[in-house]
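Those protein sequence lines, which keep their order, are chains A and B. Be aware that the first sequence starts at 1, since it is given in the working numbering, and climbs by one per residue. Be aware that the second sequence starts at 60, since it is given in the working numbering, and climbs by one per residue.
It should be emphasised that the hints constitute simulated quantities derived from the structure, not laboratory data. Be a bit skeptical, because a hint or two may be false.
Unchecked claim - With the Cβ distance kept under 7 Å, some of the chain A side facing chain B (calculated, not the full set):
1. K3
2. Y5
3. L7
4. G9
5. T24
6. M26
7. R30
As the list claims (entries may be wrong) - Take a look, some chain B residues computed to stay more than 10 Å from chain A by CB distance:
8. P113
9. G155
10. S241
11. E330
12. S414
13. T426
It should be emphasised that the depicted structure is a prediction, and the values quoted were computed from it without experimental measurement. Ideal Cβ positions, reconstructed from N, Cα and C, are used throughout, including at glycine.
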Amino acid sequence: MTKFYALFGAAAIGFMGFQDYRGTSMFGRRPEGEGLFQSGPRRGPDGRLIGGFHSYNHK
Amino acid sequence: MREANCPSCGAAIPFKVGSSVFAICGFCQSMVLRRGADLENLGKISQILDDGSPVRLGMTGAYKKRGFQVAGRIQLRWADGIWNEWFLIFDDNDLGWLGEGQGMFFLTFPKSAPTGAIPAFDSLSPGQNLTISGKPFQVSWKETSRCISGQGELPFAVHEGWESPSVDLMGPGGAFLTFDYSDDPPSLYVGEAVMIESLALDDAMALPEPVRKVETEAMACLSCGAPYNPLAKENASWACPTCGAVHEVLAGKLRTIYANQTPPQNKPALELGMVGTFEGFDWTVIGIQRRAVAWEGDSESWQTGETWDEYLLWNPQHGQRWLTESEGHWNWLRTVPAHLAEGSASILPGSPPRSQFRHFATYQAMTTWVVGEFDWQVKVGDRYTVTDHVAPPWVLGCERNERETIWSAGQYLDRSEVLSAFERGGGIVGKVALPPPPNTIGPNQPNPYALTVRFLRKLLVGFLGLALVIHLVLSALHPPGLVADSDFTIPPKTPTSADTVLSTPIDSSTGIVSADATTTNSVQPASKADSSLVRPGSFSIGPFDFPSRLGNLELELQCPVSNDWISVDVTLTDRETGRTWIETKEIAYYSGTDSDGGWSEGSTTATIRFDGLEKGSYLLELETDRDPAKTDPLPLHLSVHRNSRSLSWFVLTCLLLCFFPLIGIWRTWSFEARRWADSDHPTQGSSE
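Model the full structure from these sequences, guided by the hints.
Here you go:
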């Protein structure tokens with residue numbers, strides 16, 4: 001377990017260092033078409049936004 | 060040193076100190092009394108019983124940097140066994156006594172006591188507390204012993220049957236006193252309990268052990284006739300392995316103590332005579348005692364429950380040890396002086412001090428079956444109050460009854476260690492068949508996760524430190540800066556405003572849509588051609604240069620909406636590569652009151668972050684949308700920061716790094732909880 005943890009820790013710090021080097025955040029938006037976890041509005045072929053929302057279901 | 064000749068056999072009898080008035084001839088066992096230059100033959104005394112003592116006549120040693128030699132010995136018998144008083148002559152002619160019994164040693168020196176200072180023998184009882192010279196002492200032992208043999212020279216005459224009423228007292232820091240009532244007035248001996256190893260005994264000058272002539276006809280079980288062949292030495296009692304009859308062993312003769320002993324249904328794992336290698340030495344199993352947890356039943360008879368086995372092992376040079384087995388858990392134990400068991404130093408080499416031991420359980424232990432040899436008169440039904448303290452893998456046990464207090468300490472042994480010890484030992488009588496590995500947790504069983512967790516903790520600290528340094532260093536590569544700080548006005552979404560380009564005209568000199576906007580130098584003016592296409596509520600900043608090779612842009616939007624919302628579509632465009640970043644945010648804030656009181660939800664601010672920017676020229680465009688029913692203009696404040704620092708990856712990494720140590724800690728805690736569930740303190744596992 002300790003060996004695995006040592007490898008895991010080194011990998012985690014390496015990944016963090018890579019992201020810090022790129023100046024990114026977990027919550028930042030990447031350019032369109034990039035990034036692993038893109039979500040939210042997209043532009044359609046005509047350039048219009050797809051999505052757009054009013055999330056608050058207020059009283 | 061003076062030397063005389065035995066008046067009986069003529070053998071040389073040395074007198075190392077002038078104060079020695081008595082000696083026992085090593086060849087014919089004649090007791091010789093010295094009266095000036097004359098020697099008087101007082102008859103013969105029985106030969107020394109081979110009790111397996113690691114001390115031998117003639118041995119040299121040292122105590123507190125003072126050398127001594129073992130000059131004589133009195134062997135005494137008390138109710139439960141045999142003990143020795145070794146007469147020591149120090150290099151400076153000081154005289155001392157090394158008491159030895161049940162594996163414990165006490166070194167004392169004669170001291171003069173004021174007349175009447177020593178209480179009467181009958182006025183003392185075990186457990187009684189006394190204050191002597193301002194220090195608290197407790198009577199630990201009170202017996203009248205009889206001399207059964209002797210060796211070498213002695214400062215006074217003894218004879219077989221000579222009675223020695225004495226009282227031992229234990230005090231703070233291992234202080235030890237003996238009141239010897241064989242003298243009138245009683246004598247005082249002052250000293251301390253010692254570990255035999257601390258005396259650095261050297262047998263280079265030791266005399267050969269006398270071989271006692273054994274009366275063979277007496278060495279058979281008086282109940283079944285099975286031969287008694289001492290495995291290692293003569294002891295105080297012997298339980299016949301054939302029929303279970305227990306005998307007292309006295310001067311090579313047996314006397315039945317009791318004959319009826321029910322053999323146990325399940326045999327002990329080890330057998331008498333098996334030899335195991337522990338601490339680098341061979342130890343022979345000479346006695347086995349089965350004990351059980353006992354409690355007083357309703358009818359005032361004692362009930363017994365869970366049982367365990369205790370094996371008495373013996374080595375000619377190192378005395379005796381205990382190997383115990385309970386539910387497959389093994390412990391290697393030895394008796395320890397009370398001052399070590401209760402002191403502040405390590406109890407045994409490598410063990411923690413008493414303060415690190417935690418009370419585990421107190422219970423009554425009853426002997427239910429015995430076999431083999433013991434150096435006390437073992438009895439089925441013997442009860443002791445046992446108190447166990449643990450500091451895994453160490454255990455410290457205290458056994459008390461109305462007569463004595465015995466401390467023992469030792470370590471947990473893995474089953475495989477016991478197995479290999481007896482496989483190495485060579486003297487295996489039968490095949491070693493140990494109980495299966497335990498499915499419970501022993502009181503002092505080492506926590507298998509503790510070492511891993513300790514290592515993981517250290518690794519975690521190192522990793523967290525490394526992560527922090529790397530985060531700080533790499534974050535410093537991206538110097539932050541303000542790109543724009545602007546105010547806009549969002550017009551009402553009315554039909555008449557559809558033809559309105561902006562609620563406020565573009566300042567051609569700044570390119571900022573609001574008249575009161577403030578900008579930084581990096582914000583470039585938007586062209587009028589572009590602005591003519593802009594819908595109401597749409598704004599742009601730039602183009603502006605992003606100077607860093609890598610980095611991010613963070614937008615902070617503030618709009619004082621109240622029971623209202625706006626939606627902001629933001630598009631960042633790299634004018635050179637055409638890459639775009641698109642984000643939509645809603646700023647909404649609602650509040651009011653209802654039957655529960657005031658309520659609010661939402662926020663008047665929003666943050667947008669664009670990552671993965673590279674050096675280049677960028678244009679930022681905002682398009683707002685709002686409730687068409689609203690008719691008032693809304694101010695919108697926008698701050699754009701370059702290379703805003705983020706802790707998110709650092710925090711995520713720290714959390715991930717903590718994950719495995721936390722699992723390890725949980726498993727450690729779970730193990731401890733199971734351990735302490737069987738103790739008198741079932742909730743203590745959580746404090747581990």
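Chain B contact restraint on A/Y5 - CB to CB distance below 7 Å: holds (5 Å)
Quick one: work out the minimum CB distance from B/S414 to chain A and report holds if it exceeds 10 Å, violated otherwise. The claim holds: B/S414 sits with its nearest Cβ about 30 Å from chain A, beyond 10 Å.
Any CB of chain B closer than 7 Å to the CB of A/K3? Violated. Min distance 10 Å.
A/G9 as an interface hint toward chain B, with CB separation required under 7 Å: At about 4 Å, which falls below the 7 Å cut-off, the nearest Cβ of chain B leaves the hint on A/G9 intact, so it holds.
Check on B/G155 being off the interface with chain A, judged by Cβ distance over 10 Å: holds (53 Å)
Restraint: A/L7 near chain B, CB-CB cut 7 Å. Satisfied or not? violated (11 Å)
Non-interface claim for B/E330 versus chain A (Cβ beyond 10 Å): holds (40 Å)
Could you check that no beta carbon of chain A comes within 10 Å of the beta carbon of B/T426? holds (44 Å)
Does the nearest C-beta of chain B fall within a distance shorter than 7 Å of the C-beta of A/M26? holds (4 Å)
Tell me if A/R30 is really an interface residue toward chain B, meaning its C-beta lies closer than 7 Å to one of theirs. holds (5 Å)
Run the C-beta distances from B/P113 to all of chain A and say if the shortest one exceeds 10 Å. Check passes; 43 Å lies beyond 10 Å.
Checking a non-interface call: every C-beta of chain A should be farther than 10 Å from the C-beta of B/S241. Is that right? holds (64 Å)
Checked against the numbered hints listed earlier, the structure breaks hints 1, 3; every other hint is satisfied.
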